[in-house]
Amino acid sequence: MIQTDIIIIGAGPVGLFTVFEAGLLKLKCHLIDSLPQPGGQCSEIYPKKPIYDIPAHPFILAGDLTEQLMEQIKPFSPGFTLGERAEFIEKDDEDQFTVTTNRGTKHRAPIIAIAAGLGCFEPRKPPVEGLLDFEDKGVEYIIKDPEFYRGKKVVISGGGDSALDWTVFLADVASEVTLVHRRSSFRGHPDSVQKVMDLAEAGKITLLTNAEVVGVGGDNVLCSVEVKHKSDGLSHIELDHWVPLFGLSPKLGPLGEWNLNISKNAIEVDTFDYSTNIPGVYAVGDINTYPGKLKLILCGFHEATLMVQSAYKRIYPTKNLVLKYTTVTGPPGIQS
Amino acid sequence: MINTENMIKVVVIDRDDKRHELDAPTDMNMNMMELCKSYELPVEGTCGGMAMCASCHMYVLSSHEIGERSDDEEDMLDEAFFVEDNSRLGCQIKLENSLDGLEIKLAPVG
Numbered sequence: 001m002i003q004t005d006i007i008i009i010g011a012g013p014v015g016l017f018t019v020f021e022a023g024l025l026k027l028k029c030h031l032i033d034s035l036p037q038p039g040g041q042c043s044e045i046y047p048k049k050p051i052y053d054i055p056a057h058p059f060i061l062a063g064d065l066t067e068q069l070m071e072q073i074k075p076f077s078p079g080f081t082l083g084e085r086a087e088f089i090e091k092d093d094e095d096q097f098t099v100t101t102n103r104g105t106k107h108r109a110p111i112i113a114i115a116a117g118l119g120c121f122e123p124r125k126p127p128v129e130g131l132l133d134f135e136d137k138g139v140e141y142i143i144k145d146p147e148f149y150r151g152k153k154v155v156i157s158g159g160g161d162s163a164l165d166w167t168v169f170l171a172d173v174a175s176e177v178t179l180v181h182r183r184s185s186f187r188g189h190p191d192s193v194q195k196v197m198d199l200a201e202a203g204k205i206t207l208l209t210n211a212e213v214v215g216v217g218g219d220n221v222l223c224s225v226e227v228k229h230k231s232d233g234l235s236h237i238e239l240d241h242w243v244p245l246f247g248l249s250p251k252l253g254p255l256g257e258w259n260l261n262i263s264k265n266a267i268e269v270d271t272f273d274y275s276t277n278i279p280g281v282y283a284v285g286d287i288n289t290y291p292g293k294l295k296l297i298l299c300g301f302h303e304a305t306l307m308v309q310s311a312y313k314r315i316y317p318t319k320n321l322v323l324k325y326t327t328v329t330g331p332p333g334i335q336s
Numbered sequence: 001m002i003n004t005e006n007m008i009k010v011v012v013i014d015r016d017d018k019r020h021e022l023d024a025p026t027d028m029n030m031n032m033m034e035l036c037k038s039y040e041l042p043v044e045g046t047c048g049g050m051a052m053c054a055s056c057h058m059y060v061l062s063s064h065e066i067g068e069r070s071d072d073e074e075d076m077l078d079e080a081f082f083v084e085d086n087s088r089l090g091c092q093i094k095l096e097n098s099l100d101g102l103e104i105k106l107a108p109v110g
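Protein chains in written order, with our numbering: chain B, 1 to 336; chain X, 1 to 110.
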């Protein structure tokens, strides 16, 4: 069990900055994020994009913003549970919450700060009828162990690096590999594209371009997929596995089951302190909503700053908090 | 007062085949993704309009000239489903006076 003062769900820019503001009040934080790296959307979707509205940065790349925030919070030594999704919340009789991830890691704290952005990133699922019935029965959205596919017939869909790389890798593992892609060019790394083209030419894989999987079939387990060709109708492929690799998109996920007041996929908060309807649970950044809400990193930083003041008073109801400027206190985390 | 010179009409057909006739300003640097969101139509626009996700995928039904898809847009459409010749990312359709009468349909979501 990981014990801390504030469990922060979401390690995007706002979650990271919450560590800093909490640290100034000597509150310890532990972050949970479903992605394997911190930064949230900034690292997952647009690391190379410049952001122009971070005060005092005429522009900063989203990836650099993440790095700088990591540097800024280093003195406070936050804990991280990465690559795991916050799944369950429980409150005990000591007024502490336990948050358990999908992998069973348990975290306990008197305060939870939800800074989950647009939710957790999950694989995009093609809207193919009957698809959900075959999940883990022949349909996988992530390749965890390539050995699983040894000697099997596999169809991969997608045109990005993961589709290309797995096609190349599985060519030597699976008995048959078919890559289905909606157009004839690929957005992946040119080296990977060339490898796939070479394998197709050598007859080691089947490459179906200008095509898309539009149907799934089977009795209990997946046996076939229906492929629609741009030029000449449908074809039928017998297989053991279909792996659609269409990237990740954020979903509210388990947070929607936590009895929080939700409005249009966002958590309602009181702008006094960004508290939710559950005392001790706060929501900051893109995940929250209130009249006048703007989904900006800048606004999330402000929300986090006010939120930790309220969290402090909840943890130490009898202590008076005096705002101290960092110019007075000196380098964060050094003073004790 | 609303300046009608910089206002066009566009039609959005949602995923339940319901038609929405929308007033669209052309002098506010807006795109179709933003317009749909401003009318609370179910368009995600996860990345905010950078052509870095595919959550504003829509079909252009009318014959308006919109300009070629950029490489970024083409790449991101790889992450969309049921992409057709008339598929576009809404965030890449800039609202201009020449688009008066534009008709689009929201693509299915995964």
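I should point out that these hints are in silico values taken from the structure, not numbers from a laboratory.
Hints may contain errors.
Unchecked claim - Taking lysine-lysine and the DSS-like style, the derived pairs with C-alpha atoms no more than 25 Å apart in a straight line are:
1. 9/X with 105/X
2. 49/B with 37/X
3. 48/B with 94/X
4. 313/B with 26/B
5. 105/X with 49/B
6. 94/X with 228/B
7. 18/X with 37/X
As the list claims (entries may be wrong) - Covered stretches of chain X (in silico footprint by chain B; criterion: 3 or more residues with CB under 8 Å from a CB of chain B, positions within the stretch not fixed):
8. 7 to 16
9. 23 to 29
10. 51 to 63
The C-beta atom is built at its ideal place from N, Cα and C for all residues, glycine as well.
Item to check | Structure-inconsistent hints, enumerated in ascending order | outcome: 5, 6, 8 and 9
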